[in-house]
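Place chain B with the ligands on chain A using the hints.
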Amino acid sequence: MAGPSTYEPKSGIERWMDSRLPLIRLGYDSMVDYPTPRNLNYWWTFGGILTLCLVIQIVTGVVLGMHYVAHVDMAFDSVQRIRRDVNYGWLIQYIHANGASMFFLAVYLHIFRGLYYGSYKPPREVIWILGVVILLLMMATAFMGYVLPWGQMSFWGAVVITNFFTAIPLVGDAITTLLWGGFSVGNPTLNRFYSLHYLLPFVIFGVVALHIWALHVPGNNNPAGLSVKSRADTVPFHPYYTVKDGFAIILFLILFSVFVFYLPDALGHADNYIPADPLKTPEHIVPEWYFLPFYAILRSIPNKLMGVLAMFGSIGVLVALPWLDTSKVRSMRYRPTARWCFIIFVIACLALGYAGAHNPEGINLWMGRAATLYYFVYFLLLLPILGLVEKPKPRPASIADSVKSHGEPAATPAE
Amino acid sequence: MSDATAGQIGDQEPTRRDFIHIAAGAAVVGGGVLALWPFIDQMNPAADTLALSTTEVDISQIPVGSQITVSWRGKPVFIRHRTEEEIAEANAVDVSSLRDPQTDDERLVPDPEGALRPEILVMEGVCTHFGCVPLGDGAGPFDGWFCPCHGSAYDTSGRIRQGPAPLNLPVPPYAYLSDNVIRIG
Ligand code: HEM
Ligand code: FES
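Same order as they appear, the protein sequences are chains A and B.
If you read the first sequence in the numbering used here, its first letter stands for residue 1, the second for the next number, and so on.
If you read the second sequence in the numbering used here, its first letter stands for residue 1, the second for the next number, and so on.
Next up, chain A with everything else stripped away, as it sits in the complex:
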């Protein structure tokens, strides 16, 4: 709800600045007096958490860059040196490594929030698509970052993932050689991954700015999925949501700290403490946990090209989602059947994560296949069809009403 600005510069300096570069006005309008739906729940706190994650990764990453050496003969040792010898290097390295996991945890919850409450539907399609762009950039950044310590998992992860491009007919091999800068993953590959790993977070930063700009045009969606109709539906962002977001951030940082201080390697893989050996693949290679569902989709299809297409397609369908879901009702609170389909979808995603972590044999293979099938059926069949056949529950007249009636529709007038 980009309404008229209510900012009034108080001092001479503020007035001087406001007529030259209205930066304070921008901050005031988008973070202080920004009218926000009054019914946002804790699922809405992940946007702020994600912004914090990005800042944490950039700050710790720049520091690591001061000590890291991007060369195949030195990269592994330079990371061990950061952990052992550099002052507080252990802390900064563990924050950065676990920070990536925390970032993905938050972004997945943020995305599920959007899926459940229909935040991708008009008028928020552009916000959503920018979100998917951010997700892809995050994946590229995390993948290249994981290669940098040059352990066995780093190296073989890089081999397998760059080899995805060999699946492209005709030009696949040429593209892969171009990516490697050689005939296999080697020093040129490590160097360029470092360069891009440093660059991409700043690109993400730019896209996040667009994402939030686009958000501030229609304003936030909310758990009732209703549009804001009057002032009674909103509260100012500050102090209401600064405090709510702040509280969620504290809880999130506690979880983050548990990992950094007590379980710093729990999410990693022991094989990455072995320096990269281009002549020997580890017995059991797995990606980082946040890529497991995609890895499971890849492996559940026995054909190389089809597997790669399905994997990229699983993110591609997210781009098309605003046009695939035919229902006008945003929030699944009022969609009795879709709600169950969504719950099964979440279970399917978790099943994919499990299947991705285990050898694709027997029950695991079939579970992965069933979950892959459901993943696509949900987007390509269930959502398009349900919007046409499902009868939604009655919705409250306004956001304000939904708060008073605790999400239940207000007593319907006698018929």
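In short, the hints are calculated from the structure, not lab data.
Beta carbons: idealized from backbone N, C-alpha and C, even for Gly.
Mixed in with the good hints there might be a few duds.
[Unchecked claim] Examples of chain B residues lying across from chain A (beta carbon under 8 Å, computed):
1. Met-43
2. Thr-49
3. Gly-74
4. His-129
5. Gly-131
6. Cys-132
7. Val-133
8. His-150
Just chain B with the ligands now, with coordinates in the frame of chain A:
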């Protein structure tokens, strides 16, 4: 059309200005693409990387029924001294039933006299699925190689028999310099 003025609605003839716009636009796009090429091509293997492209190997020390792995262009190359049974097994396969049909002989390179040496099998140790190094020494259901990453199985000739990989293990360019030495690359 004789004295139609440019810019009149309805009957617009392309003018010289339209031509200049299109020509200038094409020059900008063409120039842009040409300027982009160096920035793409710099990512391809550099001259020194290309120069490191041959490896010489003494094969006389490989006992029958075992293999060595050498590094060529940063990737593993398997050289296996095959047993009689392995060779027989490779030749017993119906080639037309294979995913990537090749006879065992087609996967060998003749020595300078033109003779094949089926006991020496040379191939890249790079799974044609996503590039892992398959386990050797008779691993897998076809007694050849088995890729631990996603379960591709290769036979005693390094041909793909089962699993997601689409192609046989590639044979690198190589030549016999003498009875005991081959040069890969
Ligand atoms: C670096 C990653 C990201 C950052 C920093 C970020 C940041 C934010 C912030 C600050 C908000 C506003 C607060 C909120 O509603 O939670 C927001 C809203 C939103 N985000 Fe993201 N986001 C990120 C990634 C994504 C991704 C990957 C998606 C989806 C694929 C996404 C979809 C959305 C949508 C649809 C909204 C509008 C939500 C609403 O108001 O209901 N975001 N984001
Ligand atoms: S890399 Fe060998 S089976 Fe996938």
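Hints, verified against the model:
For B/Met-43, the shortest C-beta to C-beta distance to chain A is roughly 5 Å, which falls under 8 Å, so the interface hint holds. At about 5 Å, the closest approach between the beta carbon of B/Thr-49 and any beta carbon in chain A falls short of 8 Å, and the interface hint on this residue holds. A cut of 8 Å between beta carbons decides the hint on B/Gly-74: the least distance to chain A is about 4 Å, and the hint holds. A least Cβ separation of about 6 Å between B/His-129 and chain A falls short of the 8 Å threshold, and the interface hint therefore holds.
Proximity of B/Gly-131 to chain A holds as hinted, the smallest CB-CB distance being about 4 Å (cut-off 8 Å). Below 8 Å, beta-carbon pairs count as interface contacts, and B/Cys-132 has one with chain A at about 4 Å; its hint therefore holds. The beta carbon of B/Val-133 is positioned within 8 Å of a beta carbon in chain A (closest approach about 4 Å), and the interface hint is therefore held. For B/His-150, the shortest C-beta to C-beta distance to chain A is roughly 6 Å, which falls under 8 Å, so the interface hint holds.
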